[in-house]
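K.L.:
Each chain, written out:
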Amino acid sequence: MHVASLALTDFRNYQQAELTLAPGVTTFVGANGQGKTNLVEAVGYLSGFDSHRVATDAPLVRHGAQRAVIRAGLVRDARRTSIEIEINPSRANRVQLGGHPVRPRELAGTVRTVLFAPEDLALVKGDPSDRRRFLDTLLVARAPKYAGVKADFERVVRQRNALLKSAGGRRGRPDAGGTSDPLQTLMVWDEQLIDLGSALLAGRIHLLDQLNPLLGKTYDAVADASAEVSAGYRWSLGEDVDLTVDRTVLAGALRAALERRRREELERAVTLVGPHRDDVLLSLAGVPAKGYASHGESWSLALALRLASYQLLRDDGTSGGEPILVLDDVFAELDVERRSRLAALVGDAEQVLVTAAVAADVPATLTGARVRVERGTIVDA
Amino acid sequence: MYEGVVQDLIDELGRLPGVGPKSAQRIAFHLLQADSEDVRRLAQAMLEVKERVRFCTVCGNVAEDAECRICQDPRRDTAVLCVVEEPKDIVAVERTREYRGRYHVLGGAISPIDGVGPDDLRIKELLGRLADGTVRELIIATDPNLEGEATATYLARLIAPMGVAVSRLASGLPVGGDLEYADEVTLGRAFEGRRRLDVP
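So the protein lines, in turn, are chains A and B.
So for the first sequence, the working numbering puts the first residue at 295; every next one is plus one.
So for the second sequence, the working numbering puts the first residue at 4; every next one is plus one.
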């Protein structure tokens, strides 16, 4: 799949912008703060309704405007389609696919992008939530049904936390009205937590199983070194359970863990068991990358994770089409060797969008078409 | 902002469900221009509904007497009970003209976020109705969302020991719809709930 045209209205610093894109490599060049990243951020937004830079939609709308609109023409297997997203921070987004309104959820998995940016260093050095987000985004891109599973799971956790809070408050005063035991209702939410949680766990663990062999290869290629790289799933269910993708086993393990930690959950009034507490342990040569890897190694590992996801999506044989690869401000962070190896790795992708402040940072083999961006306008495309 | 009473009316209308500030303003000006008699009738109807309509002491449906029309109707099967969240769900089930049993309105669904627990629903009343053994089948028709499912599971656990057959409405594909437009959750449920085609 590739983006053939992109039109923005009141998106970030663009009041109005239109541009045509070709398959292959396109490099956006311009000084810092001119709007290069904003262009690729808009492309990234099409795939997951989120930005790689901010957690809420408000900053995406140009200051002073009510809403932003992203319009994109897409080509997959020579078939054209169009997507239009109206971003409205105070309301739900409005989405049109091929000119027809659809629910945002239905768009999940339609556009697949893999985006690598300086922020991705957080995949190695950041919090567990950064790594969970990486896994879940990839999971949804591969199988859109997980978008619903994840949303429902998060709601169950919120419901359960609310219940744990009220149960905690009531335990102090047993005759505070009501006859039913809050624990009785807790069991109902436990069932939902187990059902949705085991589905999400199975999805994530299966995904890591497939990602790991690719990760080894992409790391070696980027770093030009043969290090033992692995991404292992770290869960909250205790050490005694082996990782598996068998949902029945996972459900049993979740159930046992919930029972084991019930008292603690009631005391702390928060759900302590489930995929929302898990992490991915990245290690290099048997040592955890977080804290031990050098800055350069961390960069290579983060890049290897993105490239492995790209290959996974490209080769998964579903109808999703080849993903669009976005390299946002990446080359400035890499040494000359790594730059040219990265260029060689992505050269054959259907579409690569690159941003760079200094054009010379991008290896000559990869420059392709060039677009100059200046103060929120596309000067020369 | 408008002068005194006009703004008061707009504010009051704006508190109604589904009415935003623009609609509230439009309705307010419609009322201003309407016939006094029409407005009086509307006000009368609103007052009357608060004074006369109560909730059925048996099932919780809206009623003008102590019991609603369905509970008073001797032709309705007393052995089957359909549990719904809101009185408006009764209207939906009634439109099918398939169901001949009676109803029980819970008054919502379990949702700790909104502070709604089992004690805030008419579950005690439901257990009371099941106690004498007349009801042999219970159909749980709560909404097919997380909270509705949680409520259904809670009720099923509670009622299972009482020897009443408990069932849950099936979820699946809309009639007259296209398979290709079904979302994957609905389609997944429909697969789980598939039934064998018996050839006579």
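Watch out, some of these pointers could steer you wrong.
Claimed, not checked - With a straight-line Cα cutoff of 25 Å, these simulated SDA-like cross-link-like pairs (lysine to any residue) come out:
1) A:Lys459 to B:Lys127
2) A:Lys439 to B:Lys127
3) A:Lys459 to B:Leu161
4) B:Lys127 to B:Val188
5) A:Lys511 to A:Lys439
6) B:Lys127 to B:Leu161
7) A:Lys439 to B:Leu172
Quick caveat, the hints were computed from the structure, so don't treat them as lab data.
Values in this document were obtained by computation on a predicted structure and should not be read as measured data.
K.L.:
Taking the hints in turn, state whether each one holds.
P.N.:
Cross-check of the supplied hints:
1. As the CA atoms of lysine 459 (chain A) and lysine 127 (chain B) are separated by approximately 24 Å, the hinted pair is consistent with the 25 Å bound.
2. The straight-line distance between the Cα atoms of lysine 439 (chain A) and lysine 127 (chain B) is roughly 38 Å, outside the 25 Å bound, and the hint therefore fails.
3. Taking the CA atoms of lysine 459 (chain A) and leucine 161 (chain B), the gap is near 23 Å; set against the 25 Å cutoff, the hint holds.
4. Using a Cα cut-off of 25 Å, the hinted pair lysine 127 (chain B) and valine 188 (chain B) is violated, with the two alpha carbons roughly 33 Å apart.
5. A C-alpha spacing of about 29 Å is found between lysine 511 (chain A) and lysine 439 (chain A), which places the hinted pair above 25 Å, so the restraint is violated.
6. The hinted pair formed by lysine 127 (chain B) and leucine 161 (chain B) meets the criterion: a straight-line CA distance of about 11 Å does not exceed 25 Å.
7. Between the alpha carbons of lysine 439 (chain A) and leucine 172 (chain B) the distance comes to roughly 23 Å, so the proposed pair stays at or under 25 Å and holds.
Figure legend: structure checked against the earlier numbered hints; hints not met, in rising order: 2, 4, 5.
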